[in-house]
Amino acid sequence: MSGDAPMRSFAANLPAPEFADAAFVTPVPLAEAKVAIVTSAALHRANDEAFGQDDASYRVIPRDARDLVLGHWSPNFDRAGFTADLNVVFPIDRLEELAERGVIGSVADQHYSFAGNQPDDVATIIHDSGPAAAAALKADGVDVVLLTPV
Amino acid sequence: MCVLAHIIESAGIATVALASMRPVAEKVAAPRVLHGEFPLGRPLGKPGDPEFQHDVLARAFALLDAPSGPVLESHPEVIEESADAVSCQIPPAFDADASPAVSEARGIRKAYDRIVARRGVTTVGRAIDADTVPAALEALERVVGGTPLKEANLPGKNTVAVCHDIRTYYEEAAIELADGPVAGGRAIENWFFDETEAGKVVLAARAALSDQGAPFPFWFYMAPGHR
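For the record, the sequence lines run as chains A and B. Sequence positions in the first sequence follow my numbering and run 1 to 150. Sequence positions in the second sequence follow my numbering and run 1 to 227.
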């Protein structure tokens with residue numbers, strides 16, 4: 001019995017917001033770029049505030065934090081992969097390796113986490129918490145953001 | 001979430017999004033997207049495989065070289081979820097007075113404690129802690145036996161959060177108990193719902209709540225939708 005297939009069909013039929021005149025930034029070379037992760041896996045530190053259902057706020061994940069809880073409310077995806085290796089959702093150790101090898105410039109000190117299960121219009125994230133996180137990333141001097149879903 | 005890519009890009013930061021569902025990524029049309037047809041919940045594809053994860057990242061970051069967008073590419077490797085259950089031996093718990101599910105939950109406690117000590121963190125705790133899992137299973141067994149939810153004395157109250165904690169308690173223990181490399185996508189979920197006593201209790205309580213006329217969100221999200 002497949003669990004992913006019905007989720008894929010369901011999601012394909014959800015309404016998606018449209019972005020007119022979408023921005024497209026030309027980044028600095030990757031080897032000079034400060035890179036941050038933004039995930040929608042509802043990750044948070046164990047002692048940080050948990051995500052509620054339909055929670056549109058975000059949590060900050062410090063670069064060194066590995067005490068991460070998968071706070072997503074949906075039961076409809078594999079959670080064990082994250083438990084075995086958090087990099088399969090949040091590839092922070094891989095970024096550190098890329099920085100050591102000089103492939104990326106540096107790893108940002110702060111990363112950001114949202115909850116992926118949201119109301120269809122995603123209004124709060126589009127108008128409030130999303131721009132707030134973007135401003136925080138800008139203030140952190142981040143050049144490139146890697147987004148990882150769940 | 002590709003919506004966030006648009007928002008962050010409009011703030012002047014270049015974004016690369018990993019996406020699990022190509023049709024959704026096509027609709028949202030974020031500036032740069034690498035789609036990976038991987039099990040949902042595993043956007044980097046393979047836990048415990050740094051080489052594969054680096055391959056995903058290299059392909060994602062290569063999209064930064066595109067002079068204009070949106071650009072959407074797919075990773076060449078497709079990874080299906082597992083149709084099987086992970087092989088996992090549950091230690092026996094000798095407790096004649098306890099139900100099979102409660103006895104089983106006590107039996108895996110040492111494995112659960114070991115993985116929590118190793119990882120330094122647990123995702124159990126949304127509504128109940130590990131100590132309360134047996135009592136929660138007993139309450140769900142009362143629901144299966146016909147007791148209305150309000151009278152079943154469910155610790156943690158929220159059925160969805162309690163079932164999340166029970167499942168997570170089992171899944172974390174299973175990773176400790178299973179031999180070999182990390183199991184495929186959903187193989188541990190399959191083990192919990194198809195092979196454990198607790199999984200059967202959760203599914204039976206969910207069906208009982210549906211029959212009792214409990215509100216849809218109270219029971220539906222106690223387990224994955226396809227179950």
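Any given hint could be a false lead.
[To be verified] Residues from chain B that face chain A, not an exhaustive set, calculated with beta carbons under 10 Å:
#1 I13
#2 A14
#3 V16
#4 L18
#5 R32
#6 F38
#7 G41
#8 L44
#9 L64
#10 P67
#11 G69
#12 L72
#13 A93
#14 F94
#15 R126
[What the hints assert, rightly or not] Listed next, the in silico SDA-like pairs over lysine to any residue satisfying Cα-Cα at most 20 Å (straight line):
#16 K27/B to I126/A
#17 K157/B to A20/A
#18 K27/B to Q53/A
#19 K34/A to T132/B
#20 K27/B to S9/A
#21 K27/B to P17/A
#22 K27/B to N117/A
#23 K27/B to Q118/A
#24 K200/B to A152/B
#25 K34/A to K27/B
#26 K27/B to A16/A
#27 K27/B to S68/B
#28 K157/B to A50/A
#29 K110/B to D65/B
#30 K157/B to F218/B
#31 K27/B to F24/A
#32 K34/A to G12/B
#33 K27/B to A50/A
#34 K34/A to R59/B
#35 K27/B to M7/A
#36 K200/B to S2/A
#37 K110/B to V144/B
#38 K138/A to E176/B
#39 K27/B to D120/A
#40 K27/B to A12/A
For the record, the hints were derived by calculation from the structure and aren't laboratory data. We put the beta carbon where it would ideally sit given N, CA and C, even for glycine.
Pair hint outcome, K34/A versus T132/B [Cα-Cα no greater than 20 Å]: violated, 44 Å
K27/B and A50/A were given as a pair; does the straight-line alpha-carbon distance stay at or below 20 Å?
violated, 30 Å
Is the interface hint satisfied for V16/B? The criterion is a beta-carbon contact with chain A at less than 10 Å. With Cβ-Cβ at 5 Å, under 10 Å, it holds.
Legend entry - Residue hint L18/B, partner chain A, criterion CB-CB below 10 Å: holds, 5 Å
Notebook entry, point to check: Taking the closest Cβ pair, is R32/B under 10 Å from chain A?
Noted result: Interface hint status for R32/B: holds (9 Å vs cutoff 10 Å).
> Straight-line Cα separation of K27/B and A12/A no greater than 20 Å?
Replying inline: holds, 9 Å
Hey, K27/B versus N117/A, does the alpha-carbon distance stay inside 20 Å? It holds: about 18 Å lies between the C-alpha atoms, which stays within 20 Å.
- Query: Would the pair K200/B and A152/B pass a check requiring their Cα atoms to be no farther apart than 20 Å?
  - Reply: Within the cut-off at roughly 18 Å; holds.
_Next item in the hint list is I13/B. Is there a CB on chain A closer than 10 Å to its CB?_
holds, 6 Å
Within 20 Å, alpha carbon to alpha carbon, are K157/B and A50/A?
-> Judged against 20 Å, a Cα distance of about 17 Å means the pair holds.
Inset, instruction - For the hint on L72/B, just tell me whether its beta-carbon gets within less than 10 Å of chain A. - result: violated, 13 Å
- [ ] Return the status of the interface hint for P67/B: holds when the least beta-carbon distance to chain A is below 10 Å, violated otherwise.
- [x] The hint holds - P67/B has a Cβ within 10 Å of chain A, the shortest such distance being about 8 Å.
Hint compliance for this structure: hints 12, 13, 14, 17, 18, 19, 25, 29, 33, 37 and 38 are broken, all remaining hints hold.
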